[in-house]
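A.B. asks: Letter by letter, the chains look like this.
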Amino acid sequence: MKTEVRGNGASISIQNPSLFNTPQDSITGALKGCLGSLDGACIEKLLLHCASALENNDVTLAQQVMWVLNNVASSVGDTNQRLTSWFLRALISRASRVCPTAMNFNGGSMIQRRLMTVTELAGYVDLIPWHRYGFCVSNSAIFKAVEGCTKVHILDFSITHCMQWPTLIDALAKRPDGPPSLRITVLSCRPQVPPLLNVSKEEVGHRLANFAKFRDVPFEFHVKDDPRLSNESLAVQFESLLTQLTRSELDLREDEALVINCQNWLRYLSDETKGNSAHGFSLRDAFLDIIKGLNPRITVVVDEDSDLSAPSLSSRITTCFNYLWIPFDALDTFLPKDSSQRLEYESDIGHKIENIISFEGFQRIERLESGAKLSQRMENAGFFSLAFCEETINEVKSLLDEHASGWGMKREEDMLVLTWKGHNSVFATAWASTKLED
Amino acid sequence: MVELENSSPMTLSTASGEATASSLGNQIQDTQLAGGGPLKKKRNLPGMPDPDAEVIALSPKTLLATNRFVCEICNKGFQRDQNLQLHRRGHNLPWKLRQRTSKEIRKRVYVCPEPSCVHHNPARALGDLTGIKKHFCRKHGEKKWKCERCSKKYAVQSDWKAHMKTCGTREYKCDCGTIFSRRDSFITHRAFCDALAEESARTQTLAVVNTEGNANTNGNGGTMVGGGATAAATSPPPQPLTPSTTSVVSPGLSIQSSEIPENPMGLSPATPAAASTSTSNANVFATMFAPNPQPSKISAPSSFLQATTPLERTSLSLSSPLYLSNNGSSIFTGPENDHCHYAPTPQPAMSATALLQKAAQMGATASNPLLLRGLGLAVSSTPAGQDANVKSENNIATASLALGIPSNGSSGLTNPMIGSSSLFGNKPTTLDLLGLGMADGGSSSSGLSALLTSFGGGFNVGAATATSFGAGGSNSPRETWDGAPEGKPNGPALL
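Top line first, the protein sequences correspond to chains P and F. Mapping of the first sequence onto this note's numbering: position 76 corresponds to residue 78, and the numbering continues sequentially without gaps. Mapping of the second sequence onto this note's numbering: position 211 corresponds to residue 665, and the numbering continues sequentially without gaps.
For the record, the hints were derived by calculation from the structure and aren't laboratory data. Hints should not be assumed to be uniformly reliable.
[What the hints assert, rightly or not] Sample of chain F residues at the chain P side, in silico, Cβ under 7 Å:
(1) L580
(2) D638
(3) S639
(4) I641
(5) H643
(6) F646
(7) A651
Built from N, CA and C at the ideal position, the CB exists for glycine as well.
So here's chain F without its partners, still in its complex pose (with noise of 0.2 Å):
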């Protein structure tokens, strides 16, 4: 029988003496054969999680609850019925245990109930009760606790207790002025640092001869000669980014980023800096798929594409930051309960139904064979005038993929994103991403129809074709891999 060796993922570095359960859906499950044969390990691949373990999602307030189990004598709280009763005992109550009922154990997987989070997905659930509580306390949770030291800050006290225990603790100085918390990122960044190859070529030209008995011979053209550091960098001393002195998570943050104004949920102060900031797009990038905040902006449509509004929100000026600072805001310290307040991430504006009813409508035109100009990755004529570096790129692909953009009215989400020059570029347009724009809502494509009938109901779709672009076997030829120039720094825009 091979031992397995299931250190519990969610408790490693905590102090907590918690003992969780053996580790998640993707299992190693262990059947020894009857007749002495070698033993065979059934593993599931990611993504296909035990098929016989049972998915429970439980509501938040009681992945927050803590202490659920009270004694009625002494109002003492207890995280588990079983403590409780052992508890009782010693008040002379009547206690009972409650047996393993089944022979068999079903496996039990959590997943997050929070819709957008990764652990939604039943195929990312975790094995263990404590892990999903702490992951939706952690994730989903307000980070109260906060390291004095560096300013992380963590909404499960035991993992914050676990930080202040290394915090600061050991520090590891670079000539160059790093500072490492951990050894091993510091012996790998001094062994490629300038500094080092600066001092080595101080020592080098202060050596008589370079030939100590262990030097590094000098081989053939491939060896390198240590300590050889006339070639060293020209380069100029890099910024070394190291975990340790990366900017920390910033406190609200972590939820959803859109929060709301009417949802304060007791969260840290950045939020009135959201509230604000939202109309004007702070966090254009996150809360594309963030809720309407303005709901009673929809007004009666008067035309089938009417919604224009939900996205009204995110059309930028430049000037607007594109993300929320959280200087200032003040911190949660002192020992509370490990209680975290949960703020719900609000629905997204778009349910799939209506971006899909949206889809349906703006159709395919047969005549537009310019599918991909649309699909660009590149903004091209919106007047933010960025496109000036975008279309300057080597990067034939982005430029080729610009997008025109008509002025059509009644292309509801037009949504310009204009950011700033950043590496990961812009957004385009939606709806002219498919090069649709004097495209009437009449056609649609059979698939989508079929997609929408099945949310019930019939649309109109028209003479609706599947119309394919006659791609067939001819493409272009295809260039190598790694055929592609490299790019500017602005560098292509994104989705």
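One chain only, chain P, in its complex shape (with noise of 0.2 Å):
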């Protein structure tokens, strides 16, 4: 018996076919409707299956997808082949975790890390206002609450090495009753994740409070540091830090207004709860009760939207998908498909897309919670959530009026979200440690 297989255009003769049965049914069903052209929802299906065979075990059939998936990848195609080929990228990167081989594979990223200036980092958080929108928001918001302050110290928790902090300077700077004094404070462990500059944190410091100068700001910048911990590894260097986060440690004066900024930076705290803890409190729940201690004029939380720590592979992996195509997406609205801006700040999400769907355990550190979970932890954690007043709601519209349209904000209660076309891409969120008199 002969049967032909047609596939565009070609016809191919298969002597003696038979039918197979299967233990893995699902596979079957799931990939109905990706006949023709390999579209997103395809795509999803196929890492999907290869996830899921990596799972089970099942080499073969995870190298037979991620055959088919090489074929649709490209980092320089469109914005669905480009986030394939991240997808595939990280999926090569979690089998060799899983396949023993003779090969000498240290375990590491796969991915090549990229140094940047300082001013390459400048222009790189403008690029899509997906970094800035945080800063505009939460500079206003530090704004506002420190009106009338003489001194100012902001905690500085992020992972843009204070880019955020020239133009809230500039607007100190031209307040009408004098800038305050300001003082930021940084912490000397950051994750190892993209965007990494080729110099220290002092000498950032160094141009920031020349920067600060030249307005006539009267500004400090620390960095706070634990000199026994500069070898151990993130994971030890944050469970130190809760032993840093102490008044005295950190020199709180009593006349400064505190600030809290906590920029893409919680989701690097574990939420593994401890075993002994009768309350379920995980490093995450500590830090932010140990910031509430602190007693801080104005707490900003901005992150990106979306629950990208779920156990569940699968999930992460759909999640991942149907997310992170929002840059993608925004970055194929302007540049072209060679650009290399475009194609570093990809890389620079593949680095996470690689943590999150290559790695388990501690060396996965990418625990994203969504803005509705993280408000539930800062109220869990005893926070009063704070309303973003009408001056930054304008000042975010003019932000997003001066990009590309498509860009777009909505509130979500007192939060405060950026969209792309209508999905949720970064939330800002602003608490006050004590109820406000009113």
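Work from the hints to combine the two standalone chains into their complex.
C.D. replies: Below, the structure written as structure tokens:
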């Protein structure tokens, strides 16, 4: 018996076909509807099947799906192709951990790490409003919160190397009643994630101080360090972090307005509850508890609006695939396919994808939670949500007007969310540690 | 009742007065508890849009149509039937406005009909009709509107108008020479720019004493002193790249780049360039997933793996450009109607079916444990010559995952991606990706055969077993996440 299968003009003859019953019936059904072109939904299914193949140790099937995906993937293609290429890379990275090989694989990230200069980073954070949105909302809220204060101290927990602060310094410099004295403290430990700089934190602070002087804003910059731990892993450093967040360690001064700024940062704090803790406290909760205890004037928390820390790999793949298309799509809107800026930006996202999909346990440091969940956590920690004022809203609107149409903003309770074509991208929230007197 | 700010995402910066419906699938549903309890908001997670929403896919024709509703008296066109009806009143014609029928307004979301588009997926649908129409026109339409000042091009006239309002109106120039159109990016750049550091170094040396009252304190080792720019940047002034100075979207590339000559569809003259270079694989990366422009090349198959021809075009020569250049293409200017021309994205050469068939035929040989030899991210001993760089990489992962490529004639999909040494490397041979060069088409995994079975029809799958390589739990010891050393700029090849 001969069966002919037609594929796009080619006619292939097969001898002796026989139906095969397989235990993996779920795979058959799921790929129905993929006939014809491979669109986003189909790619997603293929990714999931690859992942489940890996989890079932069916390396053969995994290989085959990867082969198919490889034909789709292209880091310089259209949005779907680019996304696919990074997801595929992450799956391969995962696979290489699953399958012992004769190779000497060191288990680190497969993606090239790239160091930027400070001015390159300055351009990077403004390529799309992804970061600038958070800066704008936070700075506006901070500015409002420290009105009338003559001394301000900001504890900056972020991964964007102080790119947020020039615009705040600029705004403070123009205050009608004169600028306050400004102190910014950062930690010496930082997750090894993009964007990466080719200079030290001290150098960054140096330049920032330079700028502040140029604008006549009294300024101090501190790098909170624990020299004992400089060679330890990030996890260990973060653990000891809690011991460093005391009034004395941070040199908090009575007459200062304390501001806590968390930008794309809380996700790196472990959410594993300690085994012996009766209250189910994790490092993340402990951190928030300590912060609240410092009685800051305002705490601003900005992060990406998606839940990417589910235990299930499939769930993470799905959520990740249906979230991170946003920056890819935004970049596609105005940068050509061969743009190096675009490729670099996408590579950094690929780094994140790789961590989320390829790693487990303590190596999977990207544990993002959505704004809704984060808000719940803040409330549980005893914070009170602050609404953003009209001026802030207007500032953000002006910002978005300057970027491609497609960027928008919406309010979800007190949270402000950046949207791309209506899809949530980045959320911003502000918190008080005590109930405000009316 | 908490107010919802729904600034319309698609029309935020346009001058058009179109009102858009509220934003889309990934919605908050506002439910008020009757008992006066706290307002509960049910948020849909990203990727899981409103399950009750009706997903609508309009045809390209519909999406591009403007002013479909035409008055029979004066031939004036309107975008909406309602508007036409109101207009007809003026002619004393009978008119009828359609009522909103159902009490329950079912939420509608729109997907893009273009299969390769991100918005084809219902998970990324757009919530309003105007949005999807604008998207379609912007993304898949021809960019006819050009800004004279900065050469940015737009498919939608209102976008172009909105851009013209702001382009060049405000400019901020840094001492280093870079120009910015936005103040916040200017300020941020300025703060870190070498130009400022140098300037303050100059003033520093001129200042007698660095102890102004409001100067920065010299605290402990962690404190920075403002103005102490002696440690100013040693690196040469970087080339700052800002969105305002980056290259603009090139015409015609916004559309699926593999435009084939027989389908001009009024596209910009960059297309002829594409046509002439398509066989020399200008857009090889983008066209990996692109159509086979010469289906007639596929001859009658003699072997199962005959499908070499669709990918022949992807074999590169090092000298061919990797992407289209768009110099000199004439630009459509002048006010025409907003009507966009649509160039349908050509179907990919490989349907999912075909790809999966091939994957099945490659199958797996249980005796070949070097799975990941093939899944490598590096191109190995292909004669391209760039591999010297790759192999000398510090990054063990890439070097050790190098690909061995046997010269097997039946490995139909040899796809030596010999690109130039870009940061993002090259695509390895797809077939031997799996280290299966010597395999015949006999065996296949049960999983994949089942998959193929679902497409109707049986396949010769032989004695397939789901082979596993005994991965078990004994993985090699993991290094820490941040253990990977820096690699060279000739980065690891990607897939």
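A.B. asks: Decide, hint by hint, whether the structure agrees.
C.D. replies: Tested hints:
| no. | hint | in the structure |
| --- | --- | --- |
| 1 | L580 | 6 Å, holds |
| 2 | D638 | 5 Å, holds |
| 3 | S639 | 4 Å, holds |
| 4 | I641 | 5 Å, holds |
| 5 | H643 | 4 Å, holds |
| 6 | F646 | 4 Å, holds |
| 7 | A651 | 6 Å, holds |
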